[in-house]
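Okay, here's what each chain looks like letter by letter:
There are 2 protein chains.
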Amino acid sequence: MIVVDYSPGILQYIPFFYVIWSDDLLSASEISVIQKTINDDTHLSENEKEQLLEWLDRNNPPPEDEFKNWKQTISNSKIKLIESDTYPLTSLSQRLGNTYCGECEFNDYLKNIELNLGIQPNHYNHLFDVEVVHEKTSKQYDARVLDALLKGQHTASVDSFRDFLNQDVFNGQVLRNKEDYRNRVLKQVSLLGKHGYGAYAYPSEYGGKGNMPAYGAIFEHLMFVDGSLAVKFGVQFGLFGGSIQKLGTKRHHDLYLEDAGTAELLGCFAMTETGHGSNVRGIRTTATYDRETDEIVIHTPGKNDNKEYIGNALHSKIATVFAQLIVDGKNEGVHAILVPLRNEKHEVFDGITIEDNGYKIGLNGVDNGKIWFNQVRVPRANLLDKYGSITDKGEYSSPIKNPNKRFFTMLGTLVGGRICVARGALGGAKMALAIAVKHALNRRQFNDNVKIQEDLIMDYPTHQVRLTPAIASAYVYHVTLEEMMQSYSDESQTDKREIETQVAGLKSIITWFGNSTIQECREACGGKGYLLENLIGDSKGDVDIFTTFEGDNTVLLQLAAKGVLSDFKAEFNSAGFASVLKLLRTQLSDRWNTLNPVYANKVDADHLYNPKFHKHAFQYRTRRLTYTLAMRIRNYIKKGIPAYQAFLKVQTHLIALGKAYSVELAYNTYSNFCESIQDEEYKSLLEKLGTLYALDEINSEARWYLEQGYIGSTKSKAIRQRVERLCTELRPHIEVLVDGFGIPKHCMSAPIAQ
Amino acid sequence: MIVVDYSPGILQYIPFFYVIWSDDLLSASEISVIQKTINDDTHLSENEKEQLLEWLDRNNPPPEDEFKNWKQTISNSKIKLIESDTYPLTSLSQRLGNTYCGECEFNDYLKNIELNLGIQPNHYNHLFDVEVVHEKTSKQYDARVLDALLKGQHTASVDSFRDFLNQDVFNGQVLRNKEDYRNRVLKQVSLLGKHGYGAYAYPSEYGGKGNMPAYGAIFEHLMFVDGSLAVKFGVQFGLFGGSIQKLGTKRHHDLYLEDAGTAELLGCFAMTETGHGSNVRGIRTTATYDRETDEIVIHTPGKNDNKEYIGNALHSKIATVFAQLIVDGKNEGVHAILVPLRNEKHEVFDGITIEDNGYKIGLNGVDNGKIWFNQVRVPRANLLDKYGSITDKGEYSSPIKNPNKRFFTMLGTLVGGRICVARGALGGAKMALAIAVKHALNRRQFNDNVKIQEDLIMDYPTHQVRLTPAIASAYVYHVTLEEMMQSYSDESQTDKREIETQVAGLKSIITWFGNSTIQECREACGGKGYLLENLIGDSKGDVDIFTTFEGDNTVLLQLAAKGVLSDFKAEFNSAGFASVLKLLRTQLSDRWNTLNPVYANKVDADHLYNPKFHKHAFQYRTRRLTYTLAMRIRNYIKKGIPAYQAFLKVQTHLIALGKAYSVELAYNTYSNFCESIQDEEYKSLLEKLGTLYALDEINSEARWYLEQGYIGSTKSKAIRQRVERLCTELRPHIEVLVDGFGIPKHCMSAPIAQ
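For the record, the sequence lines run as chains D and W.
UniProt numbering applies: residue 1 is where the first sequence begins, and numbers increase by one.
UniProt numbering applies: residue 1 is where the second sequence begins, and numbers increase by one.
Hint data in this document are derived by calculation from the structure and do not stem from the laboratory.
No residue lacks a Cβ here, since even glycine has one placed at the ideal position from N, Cα and C.
Hints are not guaranteed to be accurate.
Label pairs and their computed distance ranges (CB to CB) [claimed, not checked]:
| # | chain 1 | residue 1 | chain 2 | residue 2 | range |
| --- | --- | --- | --- | --- | --- |
| 1 | D | D604 | W | K136 | 51 to 61 Å |
| 2 | W | K78 | D | R634 | 27 to 37 Å |
| 3 | W | K136 | D | G709 | 40 to 50 Å |
| 4 | W | D350 | D | H346 | 35 to 45 Å |
| 5 | D | S749 | W | S160 | 44 to 54 Å |
| 6 | W | Y100 | D | R634 | 52 to 62 Å |
| 7 | D | S204 | W | E533 | 36 to 46 Å |
| 8 | D | D604 | W | E533 | 56 to 66 Å |
| 9 | D | I637 | W | K136 | 20 to 30 Å |
| 10 | W | E533 | D | L191 | 25 to 35 Å |
| 11 | W | N76 | D | Y644 | 18 to 28 Å |
| 12 | W | E50 | D | V598 | 45 to 55 Å |
| 13 | D | Y644 | W | E50 | 34 to 44 Å |
Next comes chain D alone, as it looks inside the complex (with noise of 0.2 Å):
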């Protein structure tokens, strides 16, 4: 049996000396502050800080049999280690002081130590041989607050929505015929329209409240309902409705806007053609001017021009149809024009023949169909004149004279809609891992021989590295879509083109993180993720195609990276790409000299932590990026290679930038969210979240930050431990930070989820 020879003062610090030796991965900026705590300990002696100083020396450290006896003298006291205890580690060493000591106070400067580092219960409750009371989740925090300031200005819009979506109707059902599913969320849909969910992104003249960022929220909470739902309302108001809104003029509103907002009108978008999707120029359906009957006359030329995949298509009685219009001869470009499809009684009109898209991997609620066009004839008062009309004198004529322009114009009315299938995605993912995380707090499996009890599997650190850096992610984009839909929804901005840029590639990397989120979640979830009862595999299904509709999403990177390109162009007001590009290497060279081998393998918490840190890898991974795509282009166009052909050779480099301009536009807007929280406990939270996306992306690509001499190798190890390590610190929170996603619990049906 081992004699207690500690003084009182060593002992308290006992268990901390025994937890930091135990772990590698304390910085010398940690050490420091134990250093100044233990200088400062006035319930020290000399003798004793000099001990307790010469044992934290890094290339020195204490001998292995002093940590045995660490841990012999903390076994034979037989505490107890809480973890609800605010301040486990220091209590802990309080009881430890008392049982070998009698009357020990609790010692503040040891707190102070505790809360700096971030010590947490499940760092070191694994290394003491003493009972633990466990606690699954910390009561620091509370979801509430979370979600309030998720919800931001919506709180009223949300929480009446959440209340709404409480009955029958929206409960949870597995239908597996296509026809009895659509049919259901057909009903759903025409219940939200008569309750105006449908029109709120409308003008209150039309039934709507003219509230576009609660619209987006809205669409969001469907997605914890069902995707079909989300989707095919998406059809119905935004897409259809939206491009009476948006394309149409007044005569279009006043005729159909209010009954497309109650879904008494019931609409489909047809745009998308069978051979051209990304290349919506393309589209080869014709709307030829007729100027003796006046009217406009809609056909489908050739085998594969067709409508496909139109949402809405078996339901609706008109369609917004998308076609190259022709006035006198001359192709005026793509425009949308309104196409009766069905009568009274639900019976194609003559010339026109719709065909069922059949069953797809999600999304079976919703009626998908091809449409073609024999001739069809229609008033030219159903041309959606906004951006293009044709006069009495049967003239064609346009506010936007340059029809690159109007066609890029008249796309950007997409946005909206590209904002959206981001929620979706979204929402997606944020359901995941709320199932994901509540059934890892309750599933255990393997244990140590000596435990009764098997571990829970969110106390695996492969599990939190799985699972935490997608939460963290999930808060990011949230913050950042809420943003982006505030800057769409603004009246006073006219000019879209920079938010198109930026939705673009927040659209694209999005949807990718909600389809692998919620992979990851399924998997996390074993066989039971794999049942369609838990409620991820109908979300994976339907969220899949989240990449490719509104947009594909590598077409859209690189439409987002061109945008950058030609910002750049814009910012340094354009005196030729040859200057743009001597600017941007003066940029990148003055940087350059700042990024010296110390800041490349500075490792210290302090450095990893600081956003300052993070803004500047990402500006300069995404400055880098541009200027060394804008010179290969250069010296591919100066070799005399068609522009076309240039862009074709860079197409990788493009999609890089895309992405790493998208990260960076998250982080920053996340940002400035985190500095308007006014209280300090969640604005640190949040701060950490922050901090864990920073890292995560960072950490994914750190092999390009490394072939840069960015970082070093030492820098590039830190950053993957940090990772791992917050995950852990995080770990005490995951339930609050999932149930901080405000999803309503009649939405958590999922038996895993209980």
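Could you slot chain W onto chain D? The hints should help.
The following block gives chain W in isolation, referenced to the frame of chain D:
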């Protein structure tokens, strides 16, 4: 107009120089190939040689005017580039010479350059303003030869099985209702059983062919028909029949094996419980021997102790139930017992409760269910007693004294199933790749302004990089799994520990590969990939769970890594952990010395394409990860942290090692296979696939290699570029490569693949 003032000798080289300087990838060694050829070329005068060599200086490239002159010279000639020429660039050169100088012979020196540098028309066809006679696919290789190489010894079995699959009952059909779907799959399984395919791996006495490797190939082919069929087939013949074959003795074989093989007797494999999936040793179902009645009593003790997710549960008459065997009050560990479930009329026996698991993400043609036992009695003879029996005296007896070893020996019989699961995931990936490639060779989108036709999406670099490395991996994994199955089936090898470790790792990386490949193919086919009629969707849903069943990937990779650790112990003739570490360290530091900065930045093609480089890189990674892992564990253990906790702390490290080990194993196995190929032309194609696999894997771990200083920045970038370039080089053969998978035409019914 430009006056051509090039001499005939120089003229011929112009297309080559134009192509070379348009591309920045040429390495020193490639330039030296050209230099050598020029020096040797007897068609050239000394002056011409001098001029050409001057244009080859990388530090002093030809002036831009010269470059433009070359381009104009080619354009003005109006010659055609004919991609189907055997040597298209040399032929183009010849035509150029003919145009300007009359009679010009085919230059074998130029042909030599074209061959050595692997310059392909799709590298450069966009560079010329000349008419290009396109070819979608090169005719250089024959898919049947590739197929024959992959079929190997099983040609006869596979060919006849492919014919067998060509009947209505196996045609694709969307069945959404699970009962209808299950009935159809049951019919298919019975038919396969009746024709001897179920018994393929059983001994001939029981209707089989004793050919487990051919069984594996058959299993993979079922994935081309339907994932549900493959899985139900595997449950009936592999798991249920296999448990009788491998865990039972002659009595059981005589009674059950033939009927199991014909599917006359339907059975299931009841191992997993709701509470225990990965931790099989912790299952709680009990099998208590009752000496009085000489029976075994099967019982489900608690709420989560029911058998869960048992395939074939609703159709089976009998189950192999895994339970804790208790004899005379002593728990002898997990054993398997045959328990009849239903009578002739298909009524469930008293004491047994079976419930449907309901709908899943995929595999809805498989009847998974939960099973509860309430004191169910079976005769002692029902114990599958190869590794543990109860004697007539009612005493427990086993040929394997160590309970730990006994448990793992029993579980070792699952290894064959794991190989099949990996084969299944591979089959799903092959199918998706074949569909995506055929679609990409039909689908066009976007074009240059001057061209009428849009580009094939297969000609987009991003598309090539998405699909080509996966095709290479499919070849590598096919060969590897064939080899694994051969070793596993080799009865002369009694110690199966090594193959267990190997298969644990390979099952994980290959099932993940299957999932990510199918997802990539889905996205590469856009919305069309989302329609079930195009066959990628069901495959995606079915293969998903392959990462979980027959061993969760995360758990299996840890198992593999632990196997590697103990392998090393064995390898060094274990004089204890410390000496192992010492040896490992020496080995690594020896190797380390060979890694000088020159090696770390060697970027010429000879080096990057050399299998020696790949093998060294893979071996270095496995060894280094093993060594650092062992060091970390040792440090924890020295500090008194229990082994279980120490392994928890290094979980992510274990997983990295498990993957690295598996990739190395796959590459080495494939390399050996390539060496055995006789035909040099096919050998070089298959070697190129191996090179792409290796570089793609090193590329994906480049961050780690950079951290280690094993590669430098320049090399890291060169590797990434080489991956892209190899994809482009393989572009002409991509259709032949997917046809080489040998997927029968009657299985490839996806409309987009026609």
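Subject >> In rising order, the numbers of the hints this structure does not comply with >> reply: 4, 6
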